[in-house]
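Using the sequences provided together with the hints, build the complete structure.
There are 4 protein chains.
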Amino acid sequence: MSHNTFGHLFRVTTWGESHGPALGCVVDGCPPGVRFKLGDIQAELDRRRPGQSRFVTQRREPDQVRILSGVLEDGDELVTTGTPVSMMIENVDQRSKDYGEIARQYRPGHADYAYDVKYGIRDYRGGGRSSARETAARVAAGALARKVVPGLVVRGALVGMGTKSINRANWNWNFVEDAENPFFTPDPESVATFTEYLDGIRKDGSSVGALIEIVAEGVPAGLGAPVYAKLDQDICSNLMSINAVKGVEIGDGFETARMTGEENADEMRIGNDGNPVFLSNHAGGILGGISTGQPVIARFAVKPTSSILTPRQSIDKDGNNVDVRTKGRHDPCVGIRAVPIGEAMVACAIADHYLRHRGQTGRIA
Amino acid sequence: MSHNTFGHLFRVTTWGESHGPALGCVVDGCPPGVRFKLGDIQAELDRRRPGQSRFVTQRREPDQVRILSGVLEDGDELVTTGTPVSMMIENVDQRSKDYGEIARQYRPGHADYAYDVKYGIRDYRGGGRSSARETAARVAAGALARKVVPGLVVRGALVGMGTKSINRANWNWNFVEDAENPFFTPDPESVATFTEYLDGIRKDGSSVGALIEIVAEGVPAGLGAPVYAKLDQDICSNLMSINAVKGVEIGDGFETARMTGEENADEMRIGNDGNPVFLSNHAGGILGGISTGQPVIARFAVKPTSSILTPRQSIDKDGNNVDVRTKGRHDPCVGIRAVPIGEAMVACAIADHYLRHRGQTGRIA
Amino acid sequence: MSHNTFGHLFRVTTWGESHGPALGCVVDGCPPGVRFKLGDIQAELDRRRPGQSRFVTQRREPDQVRILSGVLEDGDELVTTGTPVSMMIENVDQRSKDYGEIARQYRPGHADYAYDVKYGIRDYRGGGRSSARETAARVAAGALARKVVPGLVVRGALVGMGTKSINRANWNWNFVEDAENPFFTPDPESVATFTEYLDGIRKDGSSVGALIEIVAEGVPAGLGAPVYAKLDQDICSNLMSINAVKGVEIGDGFETARMTGEENADEMRIGNDGNPVFLSNHAGGILGGISTGQPVIARFAVKPTSSILTPRQSIDKDGNNVDVRTKGRHDPCVGIRAVPIGEAMVACAIADHYLRHRGQTGRIA
Amino acid sequence: MSHNTFGHLFRVTTWGESHGPALGCVVDGCPPGVRFKLGDIQAELDRRRPGQSRFVTQRREPDQVRILSGVLEDGDELVTTGTPVSMMIENVDQRSKDYGEIARQYRPGHADYAYDVKYGIRDYRGGGRSSARETAARVAAGALARKVVPGLVVRGALVGMGTKSINRANWNWNFVEDAENPFFTPDPESVATFTEYLDGIRKDGSSVGALIEIVAEGVPAGLGAPVYAKLDQDICSNLMSINAVKGVEIGDGFETARMTGEENADEMRIGNDGNPVFLSNHAGGILGGISTGQPVIARFAVKPTSSILTPRQSIDKDGNNVDVRTKGRHDPCVGIRAVPIGEAMVACAIADHYLRHRGQTGRIA
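Chains as they are written, first to last, in my numbering: chain A, 8 to 372; chain B, 8 to 372; chain C, 8 to 372; chain D, 8 to 372.
All the pointers check out, no bait thrown in.
Copies of the same chain look alike in the list, so a pair counts if it works inside one copy or between any two.
Derived SDA-like pairs: lysine to any residue, alpha-carbon spacing no greater than 25 angstroms straight-line:
id : residue 1 : residue 2
1  : 334       : 79
2  : 154       : 300
3  : 44        : 224
4  : 324       : 278
5  : 334       : 99
6  : 324       : 289
7  : 334       : 26
8  : 154       : 369
9  : 44        : 59
10 : 334       : 56
11 : 324       : 269
12 : 44        : 370
13 : 154       : 28
14 : 171       : 289
15 : 334       : 274
16 : 334       : 269
17 : 154       : 181
Everything labelled a hint here was simulated from the structure, so no lab data went into it.
In structure tokens, the structure reads:
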């Protein structure tokens, strides 16, 4: 697998498997002088951490991050030096015996078969490199990316789960992080609905997909480029790189295919303060690949995990037909924990473009 | 604008504006010994060419491609030498006076405002680098990419236009290229519907979005990687880099957010010939970022062009409120000509991953 | 041949063969608002141009550059827009019959044999992609790079030719560009020596190597990085990419292997103006990979061209022993014309690092 | 510091400072199925390890490598899976108090001043990222690179130290690794000379430069490219990225500047086995940027470390003139330990080009 790196000036390389001793990332190109606390990184990892409710995998991982390079201590803060920031998270609760019986079987919907064709060798324990544990490294990198762009706030929410959706009229960002909210939903009324629905899915040993929305505020106008380094392109690429994501869209997204030019284009006026004001945000904050200063809005679809209790037809490595039933410990809705991951990936894309824009044009400090 | 290059081993760099003397691309890393005819490239360009029906822009461009490097002649064929293939297309029908009156205005929905914030300087003639003319260079590169992977067939079709959709039961690939079909629709019955609908849009000076589907057959299993060089990620990134695209999806895409694990995962059996057979293709030919040997299926949404006759509220460069009405020559549905462009971008992604897979693993010739 | 691109933010891609219709480059990432005249680019090309004295190849090429994209006209100036700048130079005097007789022979010292092993196909006319004509594209790109860094002056000189060397005590930059100086030597007294020496070489149908020195003044302190993006590393990489270059060094270079720490390290004092002053420049303006503000000094060795009249033992494509005698039109000392090429490659490296430094640190405007 | 990564398909990212908790590397793109023992990696690290004779720094570091990802165990062997190989080495003997007194001083010849200008913040303990400890990570990566290319053997030797040189007539590769040889010299007779010379340097608190030669045998013909991905260019770039290297050359290198075409070009004949034979190797195994199948030969110059006991004039961060005397524990000749580092960097370049050649051309398995 070539190229486990993304970003150009804010570059993230991740490494590690589900059942190895550790996983981590190297963030190269972080500007010098960025101040943060170790707790800022840990807090993001805690949001993604498994085992926090009955709706996510029961694997118990403390996901404690260690920073091995690239920072100096200054009181209770850390300051980046401009050199590579290496972050490591040890795997604690591997329990690889869970996976023993399916070592030679290809689980339908998983990467097992494709992996074997590609590499001829496969770490069958927990999906190896395809495991969602890899995303912890992204969240750590994203926590640092958030500090790079002054004023940037990146938040995400689960807006759909299987056949159920939120009511957007109830959107409350504060509720997303509420301790009583195991779903990252912004709609308090949806909790009961999602709870009942997902309990049913979980008890059936089934799984279900989800729809996530990420909103980035404080993105300066001017990030991106007209064609191959479009800000929306790099955001979508980053989101598509998350396990189980099957679709991404910006602003009104797929809905724009059904719209007219009159309905779609956001009109502008000069505001009272003399600055441009957009009268709507169908574009999701990006026009022609370049940020406009409006909130950047992206959505992505997470498929249901293919690890389910219902036996499914498949084959094994030796060419036999088999029935596969995936026991182990799995998320009935992996999309829930995709919320902080999606935020991290969007933050990384924006931080990278912020540095690139500064590099090429010198038009922002 | 940094980085007008995409791909790693099959690398494409494009250049050129709508109203400059020419545009083109450099394809670097094309394997030596690839045989093709100049007509193969031209044929793809002709599919994308403007002025071929009343449903696309009336700009008259012959879009004749010249190959300036990287090939040797062998009879009526060209053979690549392994060095950069430079292709150039001259702009003939610029007619830049059309754009004179909006040189200082920001057209709503266009990149004008974002562009000025980013660069502080802007080629207002026809959108400059943001013009859809840039995509001719992609189509030329894609025509070469198609020759790199033995057996690869990449086809596309328009499956939705505004509020109208095709009937998938009527899908006929041959009809897509039919001379009587100005829409790249695979459904013969849809032609009348689309014609009437788009004539209405056109006469109103309006525009409408579209939904495009690309299907790649003959993709060897094993292309891609588990995380950051996922084949689906790079396909989506390539498609998102096309002007006016606001969303992309693979296989069942956004629909998977509403599905259960039982509905989504494609089951497998050993076929009569001893090879694996998938019983469905919800995954769109890619599992865990790696191709499975099934057809690769992607869809993307193209927003309506923002160039419409209805006056729209906007501002100008000097901070005045203005009403903008875009006359010029424009496509009422830019999504139609996006079909060959989408094919080209998918072909480039696959060719690149084919070479990368061969490089890392040596598992294909 | 993969990757005909160099640079990260100021990225140059070149294309074209000696005997194709044209060659050129695409400069991607050039900042917007850079002002220059077409004549600035042409002037650099004219310095590299063949046919200007009896000491360089008699091939007659006007090397007129056309700029096809990425600029707007403003009076008699051109202004970059931030989009890719495509530059093209047509080949006029190909005379490919010269090469006919050695189409199947491997010329000793040339890339012919290695090329055939690599690609299995080869443009034998004038070396194809290996031709020194490719360097015209670099000189064009370098002419633009010079404009990117305010105050940057990059100059080069030939300091050695075969067994003859200049006397550094006579160094005169103005003389390098003197019309009476066909060698880019900075030492007026060396002209007679070099003339007599090279006339002898030329009449014998032989060739000779050369040593070139490049000095870049006005390089801001802080460009580069401690390890893998060292400014000296990227300068050396750029110089090594020039045809026939076999060695590169920075500052005292190879001589430092023979020095002690006391002799090598440049001492510092606070100058009268309160700024740091270096008391010597053994380091060549770069410490730990980062520019210090002193002049950056690099030297490179150009081997003698292998195209000589003396018959040499070799083999042909069919496995026969043959004697090869290269007639054609060649430079008796290719190192002479390497002076402007070396300047261009150093300018490109500095421009790229200037943008990268601005991107990562924001510490220069 | 952006871009602590080198290589395209065999990509190495390193991280870590001299006085942080650890350092390491991530090797991305290593082919699957590469077999090795942990001891193979450790053996290379042991060759570079400090504290092994009085001629190198007395810092005591076990330099034990841990592999954290990308491999499966198979008996006493490890097998790569094709996913990123993360390797970590803990720092044990930091003793940062040694550096306390020069925290605000700029040591002449070191990166201190340039670093502060660039980043505005600096880890003064042991040079931070500029420390030669960083090279342990390269050696680990290089040990893996050696396994990627079948039949590849990369060896290095110290051929000059200060004013002393070896006698090439005595060259003995076996002696290089002899336990009685603290210098990696290939000339047994040179040991006495170097010992006496370096003892003198060491007792004076001085330091001295060195000249290193690397020879790679078993490099298949066809690796590299005619211009910007020249094998010699990438080898030189890799070598220049090593701390304190000031010059690099290939084959006859700088000597070619003084040669004629007749002296320089290597003649060829058909050998008894029908294969091409070169009659000399002035080219150092590379013609036109592409390997010929002959041994690849590179040399590089390492400057004397600037850490010496003699007081030197300098300035401090606050703008004062100071005299700097560097105590600490340092190598009197850092060039000695550069031998395994140089080998590692050459091995990485060759492994990368091997995969790139296979990717583009498919002409090697």
